[in-house]
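Based on the sequences and whatever the hints tell you, model everything.
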Amino acid sequence: MRTAGAGIYELTWSMGTGPAGRATWQYGAEIHPGNPHVIWRRIGTHDILTGP
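Take 209 as the starting number for the sequence shown in my numbering and just add one per residue.
Be careful, since some hints might not be right.
Just the calculated beta-carbon pair ranges, DEER-fashion [claimed, not checked]:
no., residue 1, residue 2, range
1, Gly224, His245, 31 to 41 Å
2, Ser222, Gly242, 32 to 42 Å
3, Leu219, Asn243, 30 to 40 Å
4, His245, Thr225, 30 to 40 Å
5, Pro241, Thr220, 28 to 38 Å
6, Ile251, Ala214, 17 to 27 Å
7, Pro227, Arg249, 17 to 27 Å
8, Met223, Arg250, 11 to 21 Å
9, Gly224, Gly252, 25 to 35 Å
No lab work stands behind these hints, which were simulated from the structure alone. Every residue gets a Cβ at the ideal spot worked out from N, C-alpha and C, and that includes glycine.
Structure, rendered in structure tokens:
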């Protein structure tokens, strides 16, 4: 996991011979106290994701 800038986080994965992927997210204001609120921004392969 790394920061993609401006409070946007990024992770990548690879599952053996399957396709590699990438996801970006940010944290929003809590909806349920004590639980982080994650806002998923983009999820997919590296080919379709050119920015956060």
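Hints, one by one, checked against the model:
1. Gly224 <-> His245: 31 to 41 Å: holds, 32 Å
2. Ser222 <-> Gly242: 32 to 42 Å: holds, 33 Å
3. Leu219 <-> Asn243: 30 to 40 Å: violated, 20 Å
4. His245 <-> Thr225: 30 to 40 Å: holds, 35 Å
5. Pro241 <-> Thr220: 28 to 38 Å: holds, 31 Å
6. Ile251 <-> Ala214: 17 to 27 Å: Taking Cβ atoms as reference, Ile251 and Ala214 lie about 19 Å apart, which means the hint holds.
7. Pro227 <-> Arg249: 17 to 27 Å: holds, 19 Å
8. Met223 <-> Arg250: 11 to 21 Å: holds, 18 Å
9. Gly224 <-> Gly252: 25 to 35 Å: violated, 18 Å
Hints 3, 9 from the list above are not met by this structure, while the remaining hints are.
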